[in-house]
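Q: Using the sequences and the accompanying hints, generate a full structural model.
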Amino acid sequence: MLHIVNKSPTERNAFESCLATAQKGGAILLIEDGVYAATRGGAAEPKLRAAMKNVEVYALAPDLEARGMASAVAEGVKLVDYGGFVDLVAKHNTCQSWL
Amino acid sequence: MSEHGAIKKFMYVNRKAPHGTIYALESLEVVLIAAAFDQDVTLAFIDDGVYQLKKGHQTKGIELKNFQPTYRALEDYDITKLYVEKESLESRGLTVDDMCVPVEVKSRADLGRMMEEQDVVFSF
Chain A
1 MLHIVNKSPT ERNAFESCLA TAQKGGAILL IEDGVYAATR GGAAEPKLRA AMKNVEVYAL
61 APDLEARGMA SAVAEGVKLV DYGGFVDLVA KHNTCQSWL
Chain B
1 MSEHGAIKKF MYVNRKAPHG TIYALESLEV VLIAAAFDQD VTLAFIDDGV YQLKKGHQTK
61 GIELKNFQPT YRALEDYDIT KLYVEKESLE SRGLTVDDMC VPVEVKSRAD LGRMMEEQDV
121 VFSF
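Top to bottom, those sequences are chains A and B.
Residue numbers for the first sequence follow the working numbering, so the first one is 1 and each next one is one higher.
Residue numbers for the second sequence follow the working numbering, so the first one is 1 and each next one is one higher.
By construction, these hints were calculated from the structure, which means they are not laboratory data.
Quantities reported herein were computed from a predicted structural model and do not represent experimental measurements.
The reader is advised that the hints may include incorrect statements.
[Claimed, not checked] Footprint (simulated), chain A over chain B, 3 or more residues, beta carbon under 8 angstroms:
#1 17-26
#2 42-54
#3 57-66
#4 79-93
Backbone N, C-alpha and C fix where the C-beta goes; we use that ideal spot for every residue, glycine too.
A: Okay, here's the thing in structure tokens:
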């Protein structure tokens, strides 16, 4: 299934809660302030790295660009545009938004 | 000098990331109002607030206003006291070189002391 996180990992526990729940083979899409979880160098990066062993992690490129973080994306995170967002939703049977 | 007596010390405490919520933009609007009244303005950026100053915002893709250039205009309003919290930068993998305007890096304790010295504190 697809998990969508739109909250900053340093402000809310949505990302952590998502990681604790997501199962092997699933996918996580980071959007809005959630894209900060896809960046390198921060305290949340080790958790991201560990998660990427089991799930695919995607981040919405326009949200990274808006925040000046496009050049700080951690290795292994796949970038998608709005069309890619729709494709991910269509590809997975179910979707959980960690609001 | 203000026409109506003493100048007050105003601190704006910014704790939210830009774009995801309206706080960052609203804070800027209120800062500019205070500046028009010649008050002693200090801006503090702590927690996710440091992301407001991360260089290179390009908001075309999300179709929202890019208000980052406004931070560069603050100097024209004599707002030059911009403080960024050290620990907040570090835990987000950022450095002072990532900031879009000249800032001073302060510890949480220093900012706490500065906060105590204010006449008015605005929380965003």
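Q: Which numbered hints turn out to be false for this structure?
A: none
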